[in-house]
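Trainee: Read off the chains here:
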Amino acid sequence: MRRVPLMPNSPNFSETVRLERERRGYPRLGSPMIARSSLRGSYIWMAAPALAFAVAMIGFPFAYAIWLALSEVILGSPPRFIGLGNFQRLATDPEFWNGLKLTLTLYALSITAQMILGTWLGLLVARSRYAKGLVRVILVSPFMLPPVVIGMMAIVILDPSFGIANWLLAKIGLGPSLWLSDPSTVILTIAGLDTWQWTPFVALIVMGGYLSLPSDVFEAVEIDGATPWQRFWYVTLPMLGPTLVTAAVLRSVDILRFFDVIYLTTQGGPGISSTTLNILAYRRGFEFFDFGYASAIMVTLTAVVFGSVMVFARLRRAVAW
Amino acid sequence: MKKLQHVVFALGLALGASAAAAPAHAQAFNWRSQDGQTINLMLNNHPWSQAMRDLVGEFTAKTGIRTRIEIFNEEQFRARLTTLMQGRSADLDVFMSLTSREGAVFHRAGWYADLAPMIANPALTAPDFNYEDFGASIRSASTFGNQVVALPINQEGPLFYWRKDIFARCNVAEPMALEDLPDAAAKLRACDANQGVWAARGIRGAVPYALSAFIYNLGGSYALPDGKPGLSQPASVRGLEMYANLLKNYGPPGALNHTFTQVIELLGQGRVAMTHESSNEFANIMRFAGRAQDLGVKVLPPSRDTRISKPVAIGWTATISAHSRRQQAAWLFLQWATSREIQAKLVTAGVAPPRASVFQGAEFNAWVAEQPIRKAWADALIEIGRTGTGVYQSPTDRVPEARDLIGNAVQQIVQGQMSPADAARAADAELAKLQ
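Chains as they are written, first to last, in our numbering: chain A, 369 to 689; chain B, 6 to 440.
With the rest of the complex left out, here is chain A (with noise of 0.2 Å):
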């Protein structure tokens, strides 16, 4: 018998399979045969172990996260189940509506800017033939530095006192800044840290993406002359639409729990003026020993964040292409 070549899109493949696992005495694909018996039998056994994983690192912290926030915890005793009463706390205190509007601030400027700059980097950095190697090297560099690291260079250089940055100012004939000591520049200082650190990381998610795109399409737009910002916006763009959002996506979920270098280098101060909700929580917790309190907004944060991965999920569908 001729053998014809497996190949995905020959027309003839599937009929190609369903002949060739007749003659080799395999059950008919998409049979009830295999469903219950191949599929049932093995392959959700073999499954179990990742399912059992993911119940015990997931689901069973997550559980627990949700049982704390409605329960009353007292340091060393159990804690005392009280339904929605720590919600209804949360309702009526001004620094958790402080923290969600601080977060949701930081969140806006963060993404905003990032994907922003991201995006004109990472087209940069993909259509010059000179950034090669190190410069890419030199791209990942930020985001492959530790927080603390980013959080000390911050204190260091931010410092009013005898940070260099100040001195810098000074140079170019501007005025000091407080940076991270004034309650009106703190979360835009924060904002400018992540900024600095996580753009190169949509730059790079950009490039990956421009690279793979067919330049065929390119080709055909430069020889009908459009001008190079009509190739941007109405053919680039559109065709990076999944890419940014995948990126946008990743950076979302991270700017909302973000912890670290605020903690390192303001601690939430001056006064609450960057107590987001992740360090609302820390510090009722971990602090203060409030534990359900604690636990309630972190769930209301998760809930946050689960909704602009949603919203994100959404898009993704409208730009596909």
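Calculated directly from the structure, the hints in this document are not laboratory data. Even for Gly, the Cβ is constructed at its ideal location relative to N, Cα and C. Be careful, since some hints might not be right.
Pairwise CB distance ranges (calculated) [to be verified]:
{"hint": "1", "chain 1": "B", "residue 1": "Asn-50", "chain 2": "A", "residue 2": "Pro-462", "range": "31 to 41 Å"}
{"hint": "2", "chain 1": "B", "residue 1": "Gln-422", "chain 2": "A", "residue 2": "Thr-480", "range": "53 to 63 Å"}
{"hint": "3", "chain 1": "B", "residue 1": "Asn-78", "chain 2": "A", "residue 2": "Trp-535", "range": "40 to 50 Å"}
{"hint": "4", "chain 1": "B", "residue 1": "Thr-65", "chain 2": "A", "residue 2": "Pro-462", "range": "47 to 57 Å"}
{"hint": "5", "chain 1": "B", "residue 1": "Thr-65", "chain 2": "A", "residue 2": "Ile-540", "range": "56 to 66 Å"}
{"hint": "6", "chain 1": "A", "residue 1": "Phe-627", "chain 2": "B", "residue 2": "Ala-178", "range": "42 to 52 Å"}
{"hint": "7", "chain 1": "A", "residue 1": "Ile-540", "chain 2": "B", "residue 2": "Glu-368", "range": "51 to 61 Å"}
{"hint": "8", "chain 1": "A", "residue 1": "Ile-525", "chain 2": "B", "residue 2": "Arg-312", "range": "31 to 41 Å"}
{"hint": "9", "chain 1": "B", "residue 1": "Asn-151", "chain 2": "A", "residue 2": "Leu-513", "range": "45 to 55 Å"}
{"hint": "10", "chain 1": "A", "residue 1": "Val-677", "chain 2": "B", "residue 2": "Pro-230", "range": "31 to 41 Å"}
Once you've looked at the hints, dock chain B against the given chain A.
Mentor: Just chain B now, with coordinates in the frame of chain A:
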């Protein structure tokens, strides 16, 4: 014959009984009784901890007990400790605790092993340990009911540090009363606008430690006679106002994000002329060139009007986890670490000894005599040990939250969000909810 048999039997019983009893009497204290054990220690980043890390080899040589030491900065230390203790981890044997801050909460949670039976047991405690050698106030801070929860490892409190050379250059007299501080600050600013004048803690939870002597010395307190919060009493508001205004008018930029690390850096580098910061940081300050010669140190001056001098005096402690399975080995470590011999060595690392005998000892006095500023520091420590208090918040078990609210009042004044009286009233209302 039968009578003789009875006598012999009785004698035999008596001999047997005495022989059986003999090991109990002979079971003397032995430093090597836990030879071969390994204990886990979790410590806060502190001069005592750093010195321990260097000296712990001597403990292993003496007892045969090996140690695993983890040192974290204070916030991380508390977070990890809480996680381990909430999980009832048996891996942790010894940890540091600031009993004046968290003692009541940790005691209620059952995290501390009871050291009282160990202290009372001569088979477990070295004959020369002498628990009474620790000051009575220090011992009482770590005693809840009949339970001794920890052993003191140092004593400390905020002290007034000032640059004698800058004061002399600007012809400003050494402040002898608390009311002199704002005047001195104003004169120093007028003398040299480029010289930083004042630095102090601005982070909320850290503020009350440095603030409290201002309130106490001016005749204020954190509580009314009936135990209700009293920050809004006129004298307390004056103290709050003086501390906040010094920070606002003469403090460094960004002072509200500062705690002892930034304050000490500013003082050490010569960027400020005076501060009110921990006695514990003395050794770190002395590492900066010139500070041993140009710095003065003493207890914050009393108020001219009230004549009151009531500084804060606290001490870190070391304790044994209630969940530890190696409590006897941990107890040997605690005895060694708080022994007179080791505390005398720790003095050179700038750790003020909580044992009276070390303070009065020849080694300590020889070290103090080497530099005049050491003598001033030691005198100040003796004074805060005598007159100090470990209470610097309104009555509550929720001490960290209470201190945070008091610090918040200072921040609101510094930021101009509230007047001192309004900030104090608002803080009192919140503090009352913690009672």
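Trainee: Look at each hint and say if it fits the structure.
Mentor: Hint check results:
For Asn-50(B) and Pro-462(A), the Cβ-Cβ distance of about 33 Å falls inside the hinted range of 31 to 41 Å, so the restraint holds. Distance hint for Gln-422(B) and Thr-480(A): a CB-CB separation of about 29 Å, inconsistent with the stated range 53 to 63 Å. Judged by the Cβ atoms, the range 40 to 50 Å given for Asn-78(B) and Trp-535(A) is violated: they are separated by roughly 28 Å. Judged by the Cβ atoms, the range 47 to 57 Å given for Thr-65(B) and Pro-462(A) holds: they are separated by roughly 53 Å.
Between Thr-65(B) and Ile-540(A) the Cβ separation comes to about 58 Å, which falls inside the hinted range of 56 to 66 Å. Checking the proposed 42 to 52 Å range against Phe-627(A) and Ala-178(B) shows it holds: the Cβ atoms sit about 48 Å from each other. Look at Ile-540(A) against Glu-368(B): about 56 Å separates their beta carbons, and that is inside 51 to 61 Å. Range check, Ile-525(A) to Arg-312(B): about 47 Å between beta-carbon atoms, so the 31 to 41 Å window is missed.
The hinted window of 45 to 55 Å between Asn-151(B) and Leu-513(A) holds, with their beta carbons roughly 52 Å apart. Between Val-677(A) and Pro-230(B) the Cβ separation comes to about 56 Å, which falls outside the hinted range of 31 to 41 Å.
When the structure is compared with the earlier hints, violations turn up for hints 2, 3, 8 and 10 and for no others.
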